[in-house]
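This is what each chain is made of:
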Amino acid sequence: MNVTTPPKKLTDKDFASDQEIRWCPGCGDYGVLKALQRTLPELGVPREKLVFVSGIGCSSRFPYYMATYGFHTIHGRAPAIATGIKLANRDLDVWVISGDGDGLSIGGNHLLHALRRNVDLNILLFNNEIYGLTKGQASPTSRPGTRSPSTPGGSVDYPISAARFALGAGAHFVARSVDTLQPHLMEMFRRAHAHRGTSFVEIFQNCLVYNDGVFAHFTDREVADDAQIRVKHGEPLLFGAAQDRGLRLKPGSLELEVVKVGEGGVGVGDVLVHDETSPVLAMMLASLTPPAFPVALGVLYCNPGACYEDALAAQAGPKAADGPKANLNALLRRGATWTVQEGGRIADA
Amino acid sequence: MVSAIAAKAEVIAAPRREVESVVVRFAGDSGDGIQLTGSQFTMSTALVGNDLATFPDFPAEIRAPVGTTFGVSAFQINFGARRIMTPGDAPDLLIALNPAALKVNLDAVKAGGTIVIDTGTCTARNLRKAGFAGNPLEDGTLAPFKVTGIDVSRHTEEALTRFGLSQKDMLRCKNMWALGLVYWMYGRSRQATVDWLNRKFAKRPEIAEANIAALNAGHAFGETAEMGGGLSGFTVRPAALDAGLYRTVSGSEALAWGLVAGAQLAGLKMVFSSYPITPASSILHTLAPLRDYGVTTFQAEDEIAAVCSAIGASYAGALGVTSSSGPGIALKTEAIGLAIGTELPLVVVDSQRAGPSTGMPTKTEQSDLHQAVFGRNADSPVAVIAARSPSDCFEVAIEAVRLATKYMTPVILLTDGFVANAAEPWRIPDVDTLPSMPVFFATELEGFRPTRRDPETQAREWVLPGTPGMEHRIGGLERDFDTGNISYDPANHQKMTDLRIGKIAGIARDIPAQAVEAGNPGGRLAVVGWGSTFGPISRAVDNLRGAGLDVSHIHLRYIWPLPANLGDLLAGFEHVLVPEMNAGQLITLLRSRYLIDAEGLNKVSGQPFKISEIEAAVRARLEA
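Chains A and B supply the protein sequences, listed in that same order.
For the first sequence, our numbering begins at 1 and goes up steadily by one.
For the second sequence, our numbering begins at 1 and goes up steadily by one.
Next up, chain A with everything else stripped away, as it sits in the complex (with noise of 0.2 Å):
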């Protein structure tokens, strides 16, 4: 190792770029920014090894803001892009940036993909269950009967869940939060950042302008308590003002159901512990809604597997990581070749 001197401490102003936001004011991307800029400095990674890569949407904006080196591409094509950036150096810190449009309905392949292929990249998944760049459409994570310029009479389509989908395209870190959390969003990007591999973290984000309060039966204040679980590996799935509530398996079925500790003879020890590497637990707490069921936040699913770009880079050997390249003329002369002399005679090559 080299001997280095420690960098001068940096704080969340140190990766404020100098460019004006131009988000509306209110707007829930302002916390999820803020709470980037916080976490960084704690990461230590120097702000030239971070890359910031976006689609096309609101959120896809965010590396204009930030002081690192940013990519803001085009719909949808954000992590199919970042995968080439790890493809050519897997020593940057890359983070996507993504919106439920950009990801899930114009982008859905590419992320399905990154999330198989476990690049090792941190996606943030902005979703505000509705189109805030072109006006109001529904998404594709809009719920049904949704009305918006484009779905007059209602949306009739069934939304998707970002954080089910991408439990089903295999990801090995599957983490929720909300744009007004600031404390629990650093600690999933701490989470997130610390995974090697896809790290998924999906943000409930207000759209205060086209879908406000879209998410306010779970995340206003007065009715959080009841409406949220936050999970936590090796604890007991608890929430509730009174952390008296619980979460078990229903008796003879595989479904969850929501108990009351100290009530019917149910004790702390009935309600079930969160696992965040169990992949079948990830998936019912991913599905879990108001208003019978509080909506799971924390990170739902962490099972690491080896990354795209190592297992990539174990496979060809350290001879072609950054050693001299093989010459290429033995390459050509491999194989059947002939030599024709002067006059045009052929001899034993």
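Hints listed in this document are in silico derivations from the structure and should not be mistaken for laboratory results.
Just so you know, even glycine gets a beta-carbon here, dropped at the ideal spot from N, CA and C.
Be careful, since some hints might not be right.
[What the hints assert, rightly or not] Pairs of lysine-lysine residues, derived as DSBU-like cross-links and limited to a Cα-Cα distance of at most 30 Å, are as follows:
1) A:49 <-> B:103
2) B:146 <-> B:129
3) B:168 <-> B:200
4) B:603 <-> B:103
5) A:325 <-> B:200
6) A:250 <-> A:49
7) A:325 <-> B:129
8) A:13 <-> A:34
9) B:406 <-> B:495
[As the list claims (entries may be wrong)] Using C-beta positions, here's what the derived DEER-type ranges look like:
10) A:46 <-> B:204: 54 to 64 Å
11) A:334 <-> B:512: 26 to 36 Å
12) B:378 <-> A:316: 52 to 62 Å
13) A:46 <-> B:299: 26 to 36 Å
14) A:316 <-> B:438: 53 to 63 Å
15) A:314 <-> B:63: 31 to 41 Å
With chain A's structure known, arrange chain B on it following the hints.
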């Protein structure tokens, strides 16, 4: 290699007739191993020093039902003691391994040419399946040809009885029997094929031995049988090729290796991202094992991801390359626009194929020229260059890398199904003597802006993410000329549009003046071609000039921008004839650019031009 020596030492029993050049076409079912047979014959032919050109012509179906005409696979080779420019207009010899192969290829055979048909397959059922009303061997259908019916199936089975193979496995050696016969006809050594079979079936030696036995049996049949019907021994002397070390090379191989050479000369790692598509996939297959050469290949989830990951790789400091065919290029269009806007190097290889939509995937065409030059939203110029032959792909690939990195732009490299699959002898270059073209990443921190440009080329500086102090943002939104920040300023957009157009136009100063391949730099008629029509145009013009006609051949490598002197050059001819395997794309460019009355010769049959077609078109204009 020992084989070349062995060829010369081979005992030739009967007197052989000397011929200058020959066209042979092998044809059979898709499952008959016709392409393997053809490539083996190609190698043996190259090893005796003939010049040659090949034309693999196969269906998109992997294994169509046996005996059907749509399942016929063919391989044509033209070889000779002179320079060979094309796979040949019409076969002198057709080897048809079943009635369908005969049916499909009959029209192509030269009048008076020789046909060998496997009579073992000429059952009433197979003849009917092939669409013959009667038996062509008996009803006069084959009267214009010298026909030899040989029960290749039975002979193969008889030669292989001792191996204890199933009948099906025995018949799979039929192609080797036929190859043995043709080897005898042209006095070829079998050694290279024997070596190849031993290597290929190293784990199943009984299969190797059976194939070798079939090969030997076919050869022995030629030596001993009194066949008549045009089946006799021929000698084709070596061609007068330039001295040097040679190998055969297909367009896909040469292109892949040229990309590697280009990346190495530029001092870059290459990330090659592709999605399987005919006929471009073979480039991916050639590059995939070359990790030690600085190549990372990536099979993306779709065409869009392929180009996007290549762009991402270029952004991160590697040479990003993507490859596809027409329909796939269409999908990449938006992303190519991103690379134009953000001014990142990118090489896009388009192995053109026939028809809109899926069209005819295995057939050749040159109909993506307009897509390459114009096929994007907005004013979005890129450099477009084209390869004329399999070996030319090597140089053109290096040139694509040079232009992409020097001008920080996408370069579209056009080949086609014919160039990609065809093979020819190639004098192997010494890559150590090729001029290096090192790429420089921005290092000057003082006054850094993401839009800082080379004053001469107008190319944006390439900034390596990871460089401290140069953190910046780029994207598809219009950028301010000075700061690189997002800008909707009207005057700035005009300036940036002009910049993008001017940067690509400026490449014309950095490419060679257009040369004349054959003939005078002015006169009665110029045949102007691009891409894979080089062979037939070249031969046709040589023939016509030999006959005393005032005709010249001009062949374009640079499609966009066009060479600076091209307008003046074309103005020096009374007639300009533009043969293209499309409905008239280069000609539209030439007519609009130079306001000349160029005439088109257009063929969109999925088949390359014949020399005779070009000769006829020239004569029609000069002898009218």
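Going down the list of hints, with the structure as the test:
For the given pair, residue 49 of chain A sits about 64 Å from residue 103 of chain B by alpha-carbon distance, which is inconsistent with the 30 Å threshold. Simply put, residue 146 of chain B and residue 129 of chain B have alpha-carbon atoms about 24 Å apart, close enough for the 30 Å limit, and the pair holds. With a C-alpha separation of about 19 Å, the suggested pair residue 168 of chain B and residue 200 of chain B falls inside the 30 Å cut-off, and the hint holds. This hinted pair checks out: residue 603 of chain B and residue 103 of chain B have alpha carbons roughly 23 Å apart, not beyond 30 Å.
Taking the CA atoms of residue 325 of chain A and residue 200 of chain B, the gap is near 29 Å; set against the 30 Å cutoff, the hint holds. Between the alpha carbons of residue 250 of chain A and residue 49 of chain A the distance comes to roughly 48 Å, so the proposed pair goes past 30 Å and is violated. At roughly 54 Å between alpha-carbon atoms, residue 325 of chain A and residue 129 of chain B are farther apart than 30 Å, so this suggested pair is violated. Between residue 13 of chain A and residue 34 of chain A the CA atoms are separated by roughly 9 Å; this keeps the pair inside 30 Å, and the hint holds.
A hinted pair counts as satisfied when its Cα atoms are at most 30 Å apart, and residue 406 of chain B with residue 495 of chain B qualifies at roughly 21 Å. For the hinted restraint 54 to 64 Å between residue 46 of chain A and residue 204 of chain B, the CB-CB distance of approximately 56 Å keeps it satisfied. One distance hint, 26 to 36 Å for the beta-carbon pair residue 334 of chain A and residue 512 of chain B, holds here, with the actual separation near 32 Å. One distance hint, 52 to 62 Å for the beta-carbon pair residue 378 of chain B and residue 316 of chain A, is violated here, with the actual separation near 39 Å.
Checked against the given bound of 26 to 36 Å, the beta carbons of residue 46 of chain A and residue 299 of chain B, roughly 33 Å apart, stay inside it. A hinted range of 53 to 63 Å is violated for the C-beta pair residue 316 of chain A and residue 438 of chain B, which are about 24 Å apart. Between residue 314 of chain A and residue 63 of chain B the C-beta distance comes to about 37 Å, which sits within the given range of 31 to 41 Å.
Hints 1, 6, 7, 12, 14 from the list above are not met by this structure, while the remaining hints are.
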